[in-house]
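Protein sequence lines correspond, in order, to chains A and B.
Using the working numbering, read the first sequence as starting at 121 and increasing by one per residue.
Using the working numbering, read the second sequence as starting at 121 and increasing by one per residue.
These are calculated hints, taken from the structure and not from any lab test.
Treat the numbers as computed from the prediction; the structure is a model and nothing was measured.
Glycine is no exception: its CB is placed at the ideal position from the N, C-alpha and C atoms.
Check before you lean on any hint, since a few could be wrong.
A partial selection of chain A residues facing chain B, derived with a Cβ cut-off under 10 Å [stated by the list, open to error]: (1) Leu180; (2) Phe204; (3) Ser205; (4) Met207; (5) Leu211; (6) Gln268; (7) Asn270; (8) Leu275; (9) Leu284; (10) Asp286; (11) Leu301; (12) His305; (13) Gln306; (14) Phe312.
There are 2 protein chains.
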Amino acid sequence: MPKIEVCLSPELLPLFKLEDKIVVVIDVLRASSCMVTGLAHGISEILPVASLEESATYGLMGYITAAERNGLKMEGFDLDNSPFSYMDPVLVDKKICMTTTNGTQAILMASSSRKVIIGTFLNLKTVADYLYIRGLDVVLLCAGWKGQVNAEDTLFAGAVTDALKDSFSLGNDSALLSRDLYRMHQDRMEEFLLDSSHYNRLKRLGINKDIAFCLRKSIYDCLPRLEGNSIVANTPGQ
Amino acid sequence: MPKIEVCLSPELLPLFKLEDKIVVVIDVLRASSCMVTGLAHGISEILPVASLEESATYGLMGYITAAERNGLKMEGFDLDNSPFSYMDPVLVDKKICMTTTNGTQAILMASSSRKVIIGTFLNLKTVADYLYIRGLDVVLLCAGWKGQVNAEDTLFAGAVTDALKDSFSLGNDSALLSRDLYRMHQDRMEEFLLDSSHYNRLKRLGINKDIAFCLRKSIYDCLPRLEGNSIVANTPGQ
Chain A
121 MPKIEVCLSP
131 ELLPLFKLED
141 KIVVVIDVLR
151 ASSCMVTGLA
161 HGISEILPVA
171 SLEESATYGL
181 MGYITAAERN
191 GLKMEGFDLD
201 NSPFSYMDPV
211 LVDKKICMTT
221 TNGTQAILMA
231 SSSRKVIIGT
241 FLNLKTVADY
251 LYIRGLDVVL
261 LCAGWKGQVN
271 AEDTLFAGAV
281 TDALKDSFSL
291 GNDSALLSRD
301 LYRMHQDRME
311 EFLLDSSHYN
321 RLKRLGINKD
331 IAFCLRKSIY
341 DCLPRLEGNS
351 IVANTPGQ
Chain B
121 MPKIEVCLSP
131 ELLPLFKLED
141 KIVVVIDVLR
151 ASSCMVTGLA
161 HGISEILPVA
171 SLEESATYGL
181 MGYITAAERN
191 GLKMEGFDLD
201 NSPFSYMDPV
211 LVDKKICMTT
221 TNGTQAILMA
231 SSSRKVIIGT
241 FLNLKTVADY
251 LYIRGLDVVL
261 LCAGWKGQVN
271 AEDTLFAGAV
281 TDALKDSFSL
291 GNDSALLSRD
301 LYRMHQDRME
311 EFLLDSSHYN
321 RLKRLGINKD
331 IAFCLRKSIY
341 DCLPRLEGNS
351 IVANTPGQ
């Protein structure tokens, strides 16, 4: 039986063996939710980069640029970190270069694994179905907040672990903890997150609408995966 | 209102500011449970060291030596890592030098804080009362297992967070997650841990009796604290 491990912070990733495993990168609020939304709405490619400078350079090469730090859009870039911005029809078939505080960094850290996919509540069922069909060992990598564990990414890791409970074993205690938290709070996630630090940080920024959207479950049948250096939508059989 | 932060693994400790905070070091199975038990039964001092070599050197200087790696007693040392071994009347007024896989390392990492105390289910009420009276910011440091988050230390961090809910604020999401896990499982902790990796590792070693003992709540009114390089029992007013 394949196993699921949960890595609650990118700071803990060096403890995990990634070779031959599928890594699901999770940054619910909001980088991975933006990626799923954008690819579901026809964006052709999202290139994650670590620094603002790299993003600016790709901007000169024709990419649409997205840059967020500390929850805020950085001046001089095209897009913010709200999933609603990624639904704009002018972005169809466009390439985006994205840098965020946590999510894009986590993707870059996971790139030594067999495969990197992007998971959010928005594509929960698609992610779980894909992992079930592949049947390989999985690491669910929570992007967290500047190294700290956060509630919403842990909750999503628990949602995946719970969905796969009959066909995967628990690979570490973080998988057990996440699964039980999700079971406890699955029907009142927003209420639970009301107490959380990241939620409150974002709420102060006035993006309640984004948060409510990012907690909607399985509304997109889209599986972003890392191909080369870019995130693209999965195509059947891959 | 002072705040409680939970650090789920020593690997995450560099993200925390420790100055002016009280750090509670948690290694439920079994180093901190041994310390509380031993000091409650009259051991005068426990010196935590990182390596087997240091422990052996202190042995030559008259210390009783305790050494555990991967859950097993190391050959050539006096004591194992079972709390029952620390109840032996021959140890009254003796000094112990201890090295373990996780717990003693965590103590050494926390020593830059204002104060280091040792928390376990065995002295839960004493720890919570002490933190309440002091009213300073607190970091609950889970020793985990070789850097990985573990279920039993997280559960104890949640027990402390829950006990102090009316007088401390949640300093990070790990405090929220731990508290909710404890609330969910407080009346059936052993059943919950049945699924956990560390529990199963120790169970394979045949120490079910130790595990059941380490989950007993508030049976000792003893507060081990780091004084210089050693762990001693707290005396009133300190």
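For each hint, the structure was consulted:
1. Leu180: violated (35 Å)
2. Phe204: violated (25 Å)
3. Ser205: violated (26 Å)
4. Met207: This interface hint is violated because 29 Å lies over the 10 Å limit.
5. Leu211: violated (32 Å)
6. Gln268: Hint holds; A/Gln268 Cβ to chain B Cβ min 6 Å, cut 10 Å.
7. Asn270: It holds, given that the least Cβ distance between A/Asn270 and chain B is near 5 Å, below 10 Å.
8. Leu275: Holds: closest Cβ of chain B sits about 9 Å from A/Leu275, inside 10 Å.
9. Leu284: This hint is violated: A/Leu284 lies away from chain B, its Cβ roughly 15 Å from the closest one there, beyond 10 Å.
10. Asp286: This hint is violated: A/Asp286 lies away from chain B, its Cβ roughly 15 Å from the closest one there, beyond 10 Å.
11. Leu301: holds (6 Å)
12. His305: Because about 7 Å separates A/His305 from the closest Cβ in chain B, which is inside the 10 Å limit, the hint holds.
13. Gln306: violated (13 Å)
14. Phe312: holds (8 Å)
In the structure shown, a violation is registered for the earlier hints numbered 1, 2, 3, 4, 5, 9, 10, 13, in ascending order.
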